[in-house]
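Asker: Spelled out, the chains give:
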Amino acid sequence: MDVQTWTYIIVGLSFALYIGIAIWSKAKSTSEFYVAGGNVSPLANGMATAADWMSAASFISMAGLIAFMGYDGTVYLMGWTGGYVLLALMLAPYLRKFGKFTVPDFIGERYYSKAARIVALLCAIFISFTYVAGQMRGVGVVFSRFLEVDIYWGVLIGMSIVFTYAVLGGMKGITYTQVAQYCVLIFAYMTPAFFISLMLTGNPIPQLGFGSELKEGGYLLDKLDKVVTDLGFTAYTAQTKSTTDIFFITLALMVGTAGLPHVIIRFFTVPKVRDARISAGWALLFIAILYTTAPAVATFARYNIINTANEKAYAEMPSWFKKWEETKLIGWLDKNNDGLIQYHPGTPFEKLNKKAVQFKSTGEKIETGSYGQPLIANKATDNSNELYIDRDIMVLANPEIAGLPNWVIALVAAGGLAAALSTAAGLLLVISTSISHDLMKKTINPNITDKQELIYARIAAGCAIIIAGYFGINPPGFVAQVVAFAFGLAASSFFPAIVLGIFYKRMNKEGAIAGMIAGIVFTATYIIYFKFINPESNVQANWWFGISPEGIGGVGMLLNFAVSIVVSKFSSPPPPEVQELVENIRVPNRD
Amino acid sequence: MESQNNLQNHRHAYWRANIRILTILLSIWFIVSFGCGILFVDQLNQIKLGGFKLGFWMAQQGSIYTFVVLIFVYVRLMNKLDQKFSFDEKND
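Residue numbers (our numbering), protein chains in the order written: chain A, 1 to 591; chain H, 1 to 92.
Chain A on its own, in the form it takes in the complex:
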């Protein structure tokens, strides 16, 4: 059976599973819709959190990014895991004791202020929407590449699936589908990794494999370092970005992780404080399985691509090469007319109409060159690099490179969809609860009943899905940059406000609001300037202390802390009820 048929079957089965769970877990109250009734077991919550966290980016793009960045990829590996220690130790148990439903709930009550709650809910909505646009796009892309379904229909199908379990079941439906999605995605990620590790090094465990000797001799990493430096790249294990930048990007990502609303609310669903602590442990364990495999996958992929392609004749390229060429994720421009592929550092050709690869065509037919290759329409650059490889291929093409059976390839598609849909659902819930709970119930009309609030929550979820779907079909060109923005904002607004709220009793409304605004404005200005207003100047020489826009959230966080503490010292302490609230959330039992 060919890949497409297998993909329809496996993806179809996974979707049937998610819908089955949706029907079983219909939410009957706001408590079930917002926090799954507070009854989720720590293990299940850990798995759901892992799926919620690992998005299409973690599943598809991350290994590819690391493959090209080498050591520098550490920012993603440590950045997207280290934050869980902060969550477990500094946030989750106390927020669970606080016991309400949302992050703006905590901010609004701790800082006894509607203004603070509104700032928080606007941040939550902005962060969640930017993130979710990327996910829906990811769904469309997987559909179009594996099922050859147009992106438009792919996004529509994805939206309908999420709609079913999110609107019907709320957090309850989302949690249990996320558990299923975790199982699908981890199996899909690990299976090709085992086989490739075995093929290259004889050791099936990828974490050990990439530190082993190759079958043909020599340690893989040493060989890879040599191979890439011979071609002119920086060594794989060597550092390219400055230490300061790596430090701050990692910091921004770690702290941002701990400040993301869709991750934090997962800890509201477990029964007790001690459950919140241990479910963070389970979550990180489940996340770590993928995250410790990713650098191995990246190393294997980089090694394989160079060995397969560099200085080899185009005509002898394997079928996966040609297939990904058709989807324009690989492009070869024979700059020196020797029929051999030279894979060297640098961008091989400039973007044309914002696309990395465009082919020359007369009418419908694509023009081919003397070696049978589709001719590239993009303008060549001066360097010797002839080959363009899209980062996303590293994971998607791995099973084909390893010659694995078609059902494994189909499984990767199902895994990518599981990752994207699970994250999208978590984000949509944040948007929905911000509107129904924080805006409608707590700010605009406290007198609505539970039933009415539930209706608002469902309507808000439905509308949010439609808007997210729209962005999936028409993504703003800057989706990846906007996700960096989301982290920067979470790091510079939520994290300090929540941490100070728990650990510094004296922190008051004026301090928190001042700090949040300072953090947001500083971080947003820096990012908007370098990414949107003046992107040509986005080079290290122009950055403050050599810190890139991706890392500036770390600085924004420090600024928030500083401003909050100073402003709170000059204004009146929080009222006694709030001080008592802080004392209360610091201990597990209701005493």
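Heads up, a few of these hints could be off.
Simulated crosslink set (DSS-like; lysine-lysine; CA at most 27 Å straight-line) [stated by the list, open to error]:
no. : chain 1 : residue 1 : chain 2 : residue 2
1   : H       : K48       : A       : K241
2   : A       : K241      : A       : K312
3   : A       : K272      : H       : K80
4   : A       : K97       : H       : K48
5   : A       : K354      : A       : K379
Derived list of chain A stretches under chain H, where covered just means 3 residues or more per stretch with a C-beta under 8 Å from a C-beta of chain H [stated by the list, open to error]:
no. : stretch
6   : 73-79
7   : 208-218
8   : 279-291
9   : 367-379
The set of hints was computed from the structure by calculation and includes no laboratory data. Yeah, the Cβ is synthetic: ideal placement off N, Cα and C, and Gly gets one too.
With the hints as your guide, set chain H onto chain A.
Answerer: Below, chain H alone, put in the same frame as chain A:
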């Protein structure tokens, strides 16, 4: 009044012990990730662990394993602390 004071002292003692645990664990977190993985990675890379340079391995593997262990150690320590201070959540 007397029992209110005792309650406050009890909570404060618990909180101080909690902070102590956090300080130790977060220091380890920082040293292993930012220290070994970023600030001292070049020095550590002089040591080899099988096919890995140690600094590189700490950054891309070891730090993540440490994070997982840190959280489970935290859970263990806090459960014992809860028991010691009778905050066992038995009644929930």
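Asker: Would you mind marking each hint as holding or not holding in the structure?
Answerer: Here's how the hints hold up against the structure:
no.: 1; hint: H:K48 <-> A:K241; in the structure: holds (23 Å)
no.: 2; hint: A:K241 <-> A:K312; in the structure: violated (31 Å)
no.: 3; hint: A:K272 <-> H:K80; in the structure: holds (16 Å)
no.: 4; hint: A:K97 <-> H:K48; in the structure: violated (45 Å)
no.: 5; hint: A:K354 <-> A:K379; in the structure: holds (12 Å)
no.: 6; hint: 73-79; in the structure: holds (count 4)
no.: 7; hint: 208-218; in the structure: holds (count 4)
no.: 8; hint: 279-291; in the structure: holds (count 6)
no.: 9; hint: 367-379; in the structure: violated (count 0)
In this structure, the earlier hints numbered 2, 4 and 9 are contradicted, and the remaining ones agree with it.
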